[in-house]
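K.L.:
The primary structure of each chain is shown beneath.
Protein chains: 2
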Amino acid sequence: MKLSKLAFQVTKTPPTNADTINHKLLVQAGYVRQLMAGVYTYTNLGLKVLRNIENIVREEMDALGGQEILMPALHPKANWLITDGWNKIDVLFKLQSRTGREYALGQSHEEIVTPLAKELIHSYKDLPLTLYQIQWKYRDELRAKSGILRCREFFMKDMYSFHENQADFEKFYGEVKAAYLRIFQRLGLTAKVTEASGGSFTQKISYEFMVLTEAGEDNIFYCDRCDYCINQEIATITEGDACPKCGAPLKLARAAEVGNVFDLGQKFSKDFDLTFANKNGEKKYPIMGCYGIGISRCMGVIVEKHHDEKGIIWPACVAPFAVSLIALNGAEPYANHVYETLQQAGIKVLFDDRFQSAGSKFAAADLIGLPIRLVISSRNGKQIEWKKRDQAESELIDLETVIKRLQ
Amino acid sequence: MKLSKLAFQVTKTPPTNADTINHKLLVQAGYVRQLMAGVYTYTNLGLKVLRNIENIVREEMDALGGQEILMPALHPKANWLITDGWNKIDVLFKLQSRTGREYALGQSHEEIVTPLAKELIHSYKDLPLTLYQIQWKYRDELRAKSGILRCREFFMKDMYSFHENQADFEKFYGEVKAAYLRIFQRLGLTAKVTEASGGSFTQKISYEFMVLTEAGEDNIFYCDRCDYCINQEIATITEGDACPKCGAPLKLARAAEVGNVFDLGQKFSKDFDLTFANKNGEKKYPIMGCYGIGISRCMGVIVEKHHDEKGIIWPACVAPFAVSLIALNGAEPYANHVYETLQQAGIKVLFDDRFQSAGSKFAAADLIGLPIRLVISSRNGKQIEWKKRDQAESELIDLETVIKRLQ
Chain A
449 MKLSKLAFQV
459 TKTPPTNADT
469 INHKLLVQAG
479 YVRQLMAGVY
489 TYTNLGLKVL
499 RNIENIVREE
509 MDALGGQEIL
519 MPALHPKANW
529 LITDGWNKID
539 VLFKLQSRTG
549 REYALGQSHE
559 EIVTPLAKEL
569 IHSYKDLPLT
579 LYQIQWKYRD
589 ELRAKSGILR
599 CREFFMKDMY
609 SFHENQADFE
619 KFYGEVKAAY
629 LRIFQRLGLT
639 AKVTEASGGS
649 FTQKISYEFM
659 VLTEAGEDNI
669 FYCDRCDYCI
679 NQEIATITEG
689 DACPKCGAPL
699 KLARAAEVGN
709 VFDLGQKFSK
719 DFDLTFANKN
729 GEKKYPIMGC
739 YGIGISRCMG
749 VIVEKHHDEK
759 GIIWPACVAP
769 FAVSLIALNG
779 AEPYANHVYE
789 TLQQAGIKVL
799 FDDRFQSAGS
809 KFAAADLIGL
819 PIRLVISSRN
829 GKQIEWKKRD
839 QAESELIDLE
849 TVIKRLQ
Chain B
449 MKLSKLAFQV
459 TKTPPTNADT
469 INHKLLVQAG
479 YVRQLMAGVY
489 TYTNLGLKVL
499 RNIENIVREE
509 MDALGGQEIL
519 MPALHPKANW
529 LITDGWNKID
539 VLFKLQSRTG
549 REYALGQSHE
559 EIVTPLAKEL
569 IHSYKDLPLT
579 LYQIQWKYRD
589 ELRAKSGILR
599 CREFFMKDMY
609 SFHENQADFE
619 KFYGEVKAAY
629 LRIFQRLGLT
639 AKVTEASGGS
649 FTQKISYEFM
659 VLTEAGEDNI
669 FYCDRCDYCI
679 NQEIATITEG
689 DACPKCGAPL
699 KLARAAEVGN
709 VFDLGQKFSK
719 DFDLTFANKN
729 GEKKYPIMGC
739 YGIGISRCMG
749 VIVEKHHDEK
759 GIIWPACVAP
769 FAVSLIALNG
779 AEPYANHVYE
789 TLQQAGIKVL
799 FDDRFQSAGS
809 KFAAADLIGL
819 PIRLVISSRN
829 GKQIEWKKRD
839 QAESELIDLE
849 TVIKRLQ
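Here the protein sequences come in this chain order: A and B.
This note's numbering puts the first residue of the first sequence at 449, with every later residue one more than the last.
This note's numbering puts the first residue of the second sequence at 449, with every later residue one more than the last.
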């Protein structure tokens with residue numbers, strides 16, 4: 449794509465209300481625009497990043513045996529009354545039709561997926577069952593903040609599993625945990641599996657996948673020597689206390705939750721009378737699990753973790769394009785040839801074809817943050833300057849080598 | 449994919465409240481489930497169809513020079529007050545946060561895209577500008593009906609264009625019209641370009657793209673000899689009257705709107721004070737156009753137009769898989785080999801591996817409606833029975849030929 453054709457361009461001016469790096473850089477580099485607190489438009493560039501993250505998550509959920517479906521965002525009040533979420537969940541957006549029908553906007557989908565599963569689950573032979581979706585969610589947050597980290601409208605993968613017994617749930621939870629850690633690793637994030645509260649409906653603990661960042665809204669205690677990690681909300685310890693697993697002193701840090709796992713027990717199966725016949729023909733309630741990943745939040749956390757003073761540094765798998773291509777004065781004809789050749793080779797290129805100074809083009813490339821920068825200059829003839837976004841050194845290589853490296 | 453793995457299976461029992469063929473067949477074949485009137489869950493199969501339609505629409509919008517973005521569904525009340533839509537649009541869903549902040553749910557996005565364009569448009573050099581999105585929309589319909597044709601939550605492509613003058617808008621409208629007719633043709637739909645009312649904000653006419661079907665909710669007069677077509681709502685004629693273009697007698701028929709084009713004039717540019725400097729440096733308001741395609745509605749209309757008494761007959765480009773593969777008793781080992789070979793060749797196969805009678809497998813294949821059915825039977829050795837869903841005759845061909853035809 450030619451940079452001049454992008455509707456939303458880079459800007460030197462940071463947004464006045466940005467409280468976090470992701471908000472500042474994502475707006476300046478042209479990935480998002482804020483409509484109001486906690487509600488954002490994704491530009492063409494931003495949508496590409498979102499789709500890349502979405503596809504990584506989808507791949508791993510499919511590999512787990514999850515089946516993708518798409519449930520609505522508009523829910524009947526009746527379903528939320530059955531679980532008492534209508535009264536108990538303070539972030540639930542409620543609305544009314546002009547004829548007085550009442551709805552909730554989906555902030556999670558247990559209330560929809562459980563009755564849906566009644567059609568699918570009759571016998572132990574129908575278990576386990578795993579359904580997931582990738583979809584926009586709505587939460588009436590008191591304070592939306594931190595750019596796209598804490599939003600009122602956000603993009604999420606939510607998966608729901610149904611099991612014959614606790615052991616089967618635990619086994620599947622282990623697989624999900626491994627898949628989650630793989631996802632976050634692919635996204636360039638180191639997530640800590642953190643014990644946390646199970647929410648308003650259960651005494652059980654849940655697990656949160658936490659990435660250390662000052663932009664986060666949680667405080668966690670973690671151990672440097674082992675993998676022990678606990679949310680301050682449920683912890684009865686202070687910084688420096690001995691790790692209950694290995695004895696090393698615990699550290700306290702700010703973190704952002706990028707994923708979570710809830711052991712829902714039989715709460716929702718009982719509420720919706722979802723039963724199955726076990727091997728002895730007895731009626732039982734399945735054990736349910738719920739597994740979330742905040743896709744738009746991950747995009748924000750990636751920026752918090754991968755940037756420098758010049759801009760974003762996207763991991764290659766989520767970058768909207770593979771390379772920034774820059775032509776210095778006089779080198780446009782060869783740069784055009786390089787652009788066409790790369791595109792024909794199936795390589796995603798963002799070609800800065802604007803009438804701008806070299807300095808301004810370099811600044812734009814750094815701000816946008818694609819993994820590789822290619823510079824074409826008459827001085828270097830057919831040789832192309834190759835530089836990684838996260839390294840200072842550059843090298844001169846020929847077009848064939850550029851293609852070989854990028855394919 | 450193996451049919452036994454699909455969470456939502458085919459069923460002989462039609463839904464009790466189905467008023468249209470699309471509702472009946474889409475539920476029976478396992479593509480959708482109704483959550484409440486006008487609100488549906490899309491199963492894995494249904495989601496595949498929706499994505500196929502979405503991708504065709506995206507291709508054609510990109511080819512027009514449209515730039516895809518994604519605007520939120522949650523809108524601030526202020527934007528809707530500026531245009532008076534807050535008071536005038538009866539299908540607008542409104543809601544309130546727990547702190548009393550008021551929002552609308554997007555039923556169209558002029559109120560969001562116009563202020564967004566203020567950042568992008570300053571001079572005539574910034575025009576024309578074309579932005580589009582593909583997204584779920586919300587409408588407080590008094591009567592949601594006809595399966596996925598008239599929904600309260602529906603999937604839509606909406607595009608917005610900004611022009612220097614009326615002539616430029618008309619030129620672009622011509623291009624969009626051609627792209628729309630191409631899209632509907634690709635989807636297997638014959639759309640008639642129909643004159644209609646421009647809505648509550650303008651005296652101008654709009655154009656609706658109408659497909660003749662009894663499941664539709666509009667009545668249109670159309671001419672068989674030329675392309676004249678007008679919505680009964682704005683027509684002052686009756687059936688049999690002479691076509692104003694060619695004199696042939698007009699026909700009256702029921703139709704479903706699958707797309708539309710609105711000449712918005714300067715209504716929204718003026719409301720949001722969106723201006724540009726023309727060649728003489730004078731401040732002017734751009735002319736805006738709005739172009740919709742109902743993606744989920746198209747899915748329903750395709751079923752209305754492409755089915756027989758046995759089930760759906762998907763056009764190949766929207767079908768969730770390319771072929772149904774059926775093994776008759778004893779032929780499973782070779783069928784498995786065929787399944788693996790086709791998948792390795794990149795062909796999307798739905799393999800009916802269930803322990804069911806041949807008749808029940810044939811019925812499922814007909815109901816699901818993939819374009820090609822392959823039957824493996826010990827009787828035929830390595831020869832494979834190839835049958836098109838919309839034809840009665842079958843033929844025996846070898847695996848190599850199957851692959852050649854499907855690639």
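Check the hints yourself; a few may be wrong.
Below are the DSSO-like pairs computed for lysine-lysine, each with C-alpha atoms no more than 27 Å apart in a straight line [said to hold, decoys possible]: (1) B:Lys835 with B:Lys758; (2) A:Lys573 with B:Lys625; (3) B:Lys496 with A:Lys496; (4) A:Lys566 with B:Lys453; (5) A:Lys496 with B:Lys536; (6) B:Lys796 with A:Lys625; (7) B:Lys619 with A:Lys619; (8) A:Lys525 with B:Lys625; (9) A:Lys731 with B:Lys453; (10) A:Lys453 with B:Lys536; (11) A:Lys593 with A:Lys758; (12) B:Lys731 with B:Lys796; (13) B:Lys573 with B:Lys619; (14) B:Lys852 with B:Lys835; (15) A:Lys566 with B:Lys536; (16) B:Lys625 with B:Lys525; (17) A:Lys652 with A:Lys566; (18) B:Lys450 with A:Lys496; (19) A:Lys727 with B:Lys450; (20) A:Lys732 with A:Lys542; (21) A:Lys460 with A:Lys753; (22) A:Lys625 with A:Lys758; (23) A:Lys732 with B:Lys453; (24) A:Lys566 with A:Lys460; (25) B:Lys542 with A:Lys542; (26) A:Lys836 with A:Lys796; (27) B:Lys525 with A:Lys472; (28) B:Lys619 with B:Lys460; (29) A:Lys732 with A:Lys453; (30) B:Lys625 with A:Lys593; (31) B:Lys619 with B:Lys536; (32) B:Lys525 with A:Lys542; (33) A:Lys566 with B:Lys450; (34) A:Lys727 with A:Lys758; (35) A:Lys542 with A:Lys566; (36) B:Lys619 with A:Lys453; (37) B:Lys731 with A:Lys542.
Partial pick of chain A residues on the chain B-facing surface, computed with a CB cut under 10 Å [as the list claims (entries may be wrong)]: (38) Arg481; (39) Gly494; (40) Leu529.
Don't read these hints as lab results, they were simulated from the structure.
We put the beta carbon where it would ideally sit given N, CA and C, even for glycine.
K.L.:
Look at each hint and say if it fits the structure.
P.N.:
Here is what the structure says about each hint:
1. B:Lys835 with B:Lys758: holds, 15 Å
2. A:Lys573 with B:Lys625: violated, 52 Å
3. B:Lys496 with A:Lys496: Distance of about 20 Å is within 27 Å: holds.
4. A:Lys566 with B:Lys453: holds, 17 Å
5. A:Lys496 with B:Lys536: violated, 36 Å
6. B:Lys796 with A:Lys625: With a Cα-Cα distance of about 30 Å, the restraint between Lys796 of chain B and Lys625 of chain A is violated, given a limit of 27 Å.
7. B:Lys619 with A:Lys619: Outside the cut-off at roughly 61 Å; violated.
8. A:Lys525 with B:Lys625: violated, 41 Å
9. A:Lys731 with B:Lys453: Given that 27 Å is the threshold and the Cα spacing comes to 24 Å, the pair holds.
10. A:Lys453 with B:Lys536: violated, 36 Å
11. A:Lys593 with A:Lys758: holds, 23 Å
12. B:Lys731 with B:Lys796: Distance ~55 Å between Lys731 of chain B and Lys796 of chain B Cα, so the pair is violated.
13. B:Lys573 with B:Lys619: holds, 17 Å
14. B:Lys852 with B:Lys835: holds, 15 Å
15. A:Lys566 with B:Lys536: Cα-Cα ~41 Å, so violated.
16. B:Lys625 with B:Lys525: violated, 33 Å
17. A:Lys652 with A:Lys566: Answer holds: Lys652 of chain A to Lys566 of chain A is near 25 Å, not above 27 Å.
18. B:Lys450 with A:Lys496: violated, 31 Å
19. A:Lys727 with B:Lys450: Measuring from Cα to Cα gives roughly 25 Å; hence the hint holds.
20. A:Lys732 with A:Lys542: violated, 33 Å
21. A:Lys460 with A:Lys753: Holds, at about 21 Å.
22. A:Lys625 with A:Lys758: It is violated: about 35 Å lies between the C-alpha atoms, which goes past 27 Å.
23. A:Lys732 with B:Lys453: Judged against 27 Å, a Cα distance of about 23 Å means the pair holds.
24. A:Lys566 with A:Lys460: violated, 54 Å
25. B:Lys542 with A:Lys542: OK: Lys542 of chain B and Lys542 of chain A at ~10 Å, within 27 Å.
26. A:Lys836 with A:Lys796: Roughly 16 Å between the alpha carbons, so the hint for Lys836 of chain A and Lys796 of chain A holds.
27. B:Lys525 with A:Lys472: holds, 25 Å
28. B:Lys619 with B:Lys460: The hint is violated at about 50 Å.
29. A:Lys732 with A:Lys453: violated, 59 Å
30. B:Lys625 with A:Lys593: Violated - the C-alpha atoms of Lys593 of chain A and Lys625 of chain B are around 42 Å apart, more than 27 Å.
31. B:Lys619 with B:Lys536: violated, 31 Å
32. B:Lys525 with A:Lys542: This hinted pair holds, its Cα atoms lying about 16 Å apart.
33. A:Lys566 with B:Lys450: holds, 22 Å
34. A:Lys727 with A:Lys758: violated, 62 Å
35. A:Lys542 with A:Lys566: holds, 25 Å
36. B:Lys619 with A:Lys453: Between Lys619 of chain B and Lys453 of chain A the Cα gap is close to 20 Å, so the pair holds against 27 Å.
37. B:Lys731 with A:Lys542: With a Cα-Cα distance of about 43 Å, the restraint between Lys731 of chain B and Lys542 of chain A is violated, given a limit of 27 Å.
38. Arg481: Constraint on Arg481 of chain A satisfied, holds at 6 Å.
39. Gly494: holds, 8 Å
40. Leu529: This interface hint is violated because 14 Å lies over the 10 Å limit.
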